[in-house]
Amino acid sequence: MRLTLRIWRQPDAKSEGRLHTYELDDVSPDMSFLEMLDVLNEQLNAEGEEPVAFDSDCREGICGMCSLMIDGEAHGPERTTTCQLHMRSFADGDTITIEPWRADPFPVLRDLVVDRSAFDRIIQAGGYISVNTGAAPDAHSIPVAKDHADRAFDAATCISCGACVAACPNGSASLFVGAKVTHLGELPQGQAERHHRVVSMTAQADAEGFGGCTNIGECAGACPKEIPLDVISQLNHDLRKAMQQGY
Amino acid sequence: MSEFHSDVDTHGDAPGQQEYDDAAGYYRHGEPIADSKAPTGSGPIDQWWGTRKFEARMANPAKRRTLSVIIVGTGLAGASAAATLGEAGYQVKSFCYQDSPRRAHSIAAQGGINAAKNYKSDGDSVHRLFYDTVKGGDYRSRESNVYRLAEVSVNIIDQAVAQGVPFAREYGGLLDNRSFGGVQVSRTFYARGQTGQQLLIGAYQAMERQVAAGTVQAFTRHEMLELIVVDGKARGIIARDLVTGEVETHLADVVVLATGGYGNVYYLSTNAMGSNVTASWRAYRKGALMANPAFTQIHPTCIPVTGTHQSKLTLMSESLRNDGRIWVPKNPADCTKDPREIPEEDRDYYLERIYPSFGNLVPRDIASRAAKYVCDEGRGVGPEVDGVRRGVYLDFSEAINRLGRAAIEEKYGNLFDMYQQITAEDPYAVPMLIYPAVHYVMGGLWVDYDLQSSIPGLFVAGEANFSDHGANRLGASALMQGLADGYFVLPNTIRDYLADGPFEKISEDHPEVVAAREAVQKRINHFLDVNGTRSVDSYHRELGNIMWEYCGMERTAEGLRKAIDLIRSLREDFWRNVKVLGTSESLNQSLEKAGRVADFFELGELMCIDALNRRESCGGHFRAESQTEDGEALRHDDQYAYVAAWEFTGDGELPVLHKENLVYTAIEMKQRSYK
Numbered sequence: 001m002r003l004t005l006r007i008w009r010q011p012d013a014k015s016e017g018r019l020h021t022y023e024l025d026d027v028s029p030d031m032s033f034l035e036m037l038d039v040l041n042e043q044l045n046a047e048g049e050e051p052v053a054f055d056s057d058c059r060e061g062i063c064g065m066c067s068l069m070i071d072g073e074a075h076g077p078e079r080t081t082t083c084q085l086h087m088r089s090f091a092d093g094d095t096i097t098i099e100p101w102r103a104d105p106f107p108v109l110r111d112l113v114v115d116r117s118a119f120d121r122i123i124q125a126g127g128y129i130s131v132n133t134g135a136a137p138d139a140h141s142i143p144v145a146k147d148h149a150d151r152a153f154d155a156a157t158c159i160s161c162g163a164c165v166a167a168c169p170n171g172s173a174s175l176f177v178g179a180k181v182t183h184l185g186e187l188p189q190g191q192a193e194r195h196h197r198v199v200s201m202t203a204q205a206d207a208e209g210f211g212g213c214t215n216i217g218e219c220a221g222a223c224p225k226e227i228p229l230d231v232i233s234q235l236n237h238d239l240r241k242a243m244q245q246g247y
Numbered sequence: 001m002s003e004f005h006s007d008v009d010t011h012g013d014a015p016g017q018q019e020y021d022d023a024a025g026y027y028r029h030g031e032p033i034a035d036s037k038a039p040t041g042s043g044p045i046d047q048w049w050g051t052r053k054f055e056a057r058m059a060n061p062a063k064r065r066t067l068s069v070i071i072v073g074t075g076l077a078g079a080s081a082a083a084t085l086g087e088a089g090y091q092v093k094s095f096c097y098q099d100s101p102r103r104a105h106s107i108a109a110q111g112g113i114n115a116a117k118n119y120k121s122d123g124d125s126v127h128r129l130f131y132d133t134v135k136g137g138d139y140r141s142r143e144s145n146v147y148r149l150a151e152v153s154v155n156i157i158d159q160a161v162a163q164g165v166p167f168a169r170e171y172g173g174l175l176d177n178r179s180f181g182g183v184q185v186s187r188t189f190y191a192r193g194q195t196g197q198q199l200l201i202g203a204y205q206a207m208e209r210q211v212a213a214g215t216v217q218a219f220t221r222h223e224m225l226e227l228i229v230v231d232g233k234a235r236g237i238i239a240r241d242l243v244t245g246e247v248e249t250h251l252a253d254v255v256v257l258a259t260g261g262y263g264n265v266y267y268l269s270t271n272a273m274g275s276n277v278t279a280s281w282r283a284y285r286k287g288a289l290m291a292n293p294a295f296t297q298i299h300p301t302c303i304p305v306t307g308t309h310q311s312k313l314t315l316m317s318e319s320l321r322n323d324g325r326i327w328v329p330k331n332p333a334d335c336t337k338d339p340r341e342i343p344e345e346d347r348d349y350y351l352e353r354i355y356p357s358f359g360n361l362v363p364r365d366i367a368s369r370a371a372k373y374v375c376d377e378g379r380g381v382g383p384e385v386d387g388v389r390r391g392v393y394l395d396f397s398e399a400i401n402r403l404g405r406a407a408i409e410e411k412y413g414n415l416f417d418m419y420q421q422i423t424a425e426d427p428y429a430v431p432m433l434i435y436p437a438v439h440y441v442m443g444g445l446w447v448d449y450d451l452q453s454s455i456p457g458l459f460v461a462g463e464a465n466f467s468d469h470g471a472n473r474l475g476a477s478a479l480m481q482g483l484a485d486g487y488f489v490l491p492n493t494i495r496d497y498l499a500d501g502p503f504e505k506i507s508e509d510h511p512e513v514v515a516a517r518e519a520v521q522k523r524i525n526h527f528l529d530v531n532g533t534r535s536v537d538s539y540h541r542e543l544g545n546i547m548w549e550y551c552g553m554e555r556t557a558e559g560l561r562k563a564i565d566l567i568r569s570l571r572e573d574f575w576r577n578v579k580v581l582g583t584s585e586s587l588n589q590s591l592e593k594a595g596r597v598a599d600f601f602e603l604g605e606l607m608c609i610d611a612l613n614r615r616e617s618c619g620g621h622f623r624a625e626s627q628t629e630d631g632e633a634l635r636h637d638d639q640y641a642y643v644a645a646w647e648f649t650g651d652g653e654l655p656v657l658h659k660e661n662l663v664y665t666a667i668e669m670k671q672r673s674y675k
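Protein chains in written order, with the working numbering: chain A, 1 to 247; chain B, 1 to 675.
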């Protein structure tokens, strides 16, 4: 395959960026999208141009490190992470536009690399169950009904990649926050801090500059782990309930 | 050099003279070493850990606030240690090269975590888990450490459940278990096919809770590039801020490395792209012993290589071997046929045939080597790369007929989806193609029972240390070890060391600190100044090919010697001819990779020397010169029942081999048989 790539280049957070155009030959449909970028980077390096910086680590769809807006879609045209997107999803002769996540709380650090540390701070605000090491009762002392366990699991599959924010016209982190609130709120172990958690995490998301949710649903559509949109309903429900109780 | 150093050219007293000295000329003999921390004299093995915990000295809460700990790495071992030491009140600094602690590669573990809960009442116990792990490791691990691992395994599950880790449950609300490669009980807890991610999120959240509490400071996008040793004690690290490029000095009373494994020395592996040996290697060069570096695990169930563009290999959880049957055609002529059209009688279910009692569930090393042999025989299937088909079928059709598609989907759905995503083939309809790939390293920095390396104040946890898996790791044991080390072992042993602290304050102007910082800066400048012609990746790929060819599933003295020569000349070329563009004052991924690959070269050579010295076959280490008549691995306990701990003595100098004799009091050494 032969491709034309339009890629966002930006030297650092302070500089202006712009799209550069590159031509790439001999792309195999079996390559992953990131392997295609590896090949481009080898070519750039040989030509004396600095390689394109982009994040990736596990390259098996679970660490959440990779990102990329590909032709305006978070993680590209398939419902997966960019590292699991393969070139067979594109056609010979295609022009592909590659940009970083676009959201104020995710500033660009270089080229396609953004700073997602806002997500860590949201977790710090309450995305956990407070139990010190060694203080746990026997694992079988509290049974969890399978439907609750399954729903908690579905929400817990979030990989914190930020596609939901990138896809949302408001730059909202509601799917991310809703997933954590649902994961921990579905479990008996998570009840004690349930009200505090939802209030605190929501406040932190606001403080980071993430937008509000207006039920557009782009987030769930872009989520590579298919986190259901109704975790946001649960978020709103829990938030309302907590605030009614004075949290 | 270290206290172990010796110029005496004689064999250590343990465990016996080696009949061959294949590595002669590549190393020097050193004094034997031993662990001095396990209270092996105090009663039976099940009392040792309790005794050690009791005897380890304490620091009161007020004192703990004055003691500082650096933890490098945020996988299961690092994150759980950071959380637990933060809870105890120490000042913790945590470092990771990723943009968030939650991305460390523990996250990719699929299958599960072992624990001796015996919730299935199938005869499991701490002792049986201990026994299976030592046997699975082919009697090359240290029994005191392994027993403790089995002992604390039960606490891990309790801890994880309390944190909200959503393990699989049965309809009654209790936890589900499954059996896993190499054992005959069901003791593996799992969270669909993403047990690693769920356990890591648990540890990460516990750690972030401590960040919020102010006990842990997290430094993300930071890479440790040097260890600071002052007066013989580990006192800090030099780290580079990967965004600004700033070279920073961080000092502390104690340093913990939880930096994972070095499988990426093979270039292609199931490790993350950034997984590297640099932190461990810098420690090795500062005097920490590197133990059994040749012990690598080649995992049998990975997706085969499709071409030269390949950047990494993807594992398919070996839990698939519970229901999938592995086969190749009996006749090489059938290898290009549609597998569904090959009748039952023309298929060779070779694991079931050779190992009737364990069948498809034999340990990883055995399953991997068997796959290599059938492909070497020309009976491999799948894409032809460089003239050979390197793949075998993992077939679920029988299980789908027996249990129904829904049951298979429930158990393995996400793995099947992942397979289809990568290969564009539907594993519900067509057998999967699998082939072994480098997955894990059992070797690592030498540690004592306290997980302290041979440098006082440097502790090593998780895959980065060598202690628990011997020559082969059993499935679902890596997660167990990482969390055991971080939650339950380190916090109890590190306090004994810190009882003597806080140590004398050192400044950033201390000559050792300045020297470490300057060494880092010099290396960085060198890479940017070479202005050669070849990319870092091209060197890395070539090094990986050498390692896979000569230090992979089957090793020979001749091949290993050849590999050492090839590595040396390639390394020389790398230093003269690598091309790294850009500057050091910015995010520069080529520069990051250059430093990692430079260390992989040195590690690769040591791995080959270690493999050359060990002229026996054990676990994942198979020396062609040491096999039974029917081609099975042949151990030589009389000569090699030791840990090979290597000491760095300078660039261009021969490494020194220290042997730690392996003594088993609670288990009898047997030749493994899975037939």
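Keep in mind that the hints are not guaranteed to be accurate.
[Stated by the list, open to error] For lysine-lysine, the following DSSO-like pairs were computed, each having C-alpha atoms within a straight-line distance of at most 30 Å: (1) B:Lys53 x B:Lys37; (2) B:Lys522 x B:Lys505; (3) B:Lys120 x B:Lys286; (4) A:Lys146 x B:Lys120; (5) B:Lys522 x A:Lys14; (6) B:Lys579 x A:Lys14.
These are computed hints drawn from the structure, not numbers from a lab.
Please name the hints from earlier in the document that this structure breaks, with their numbers sorted from lowest to highest.
-> 3
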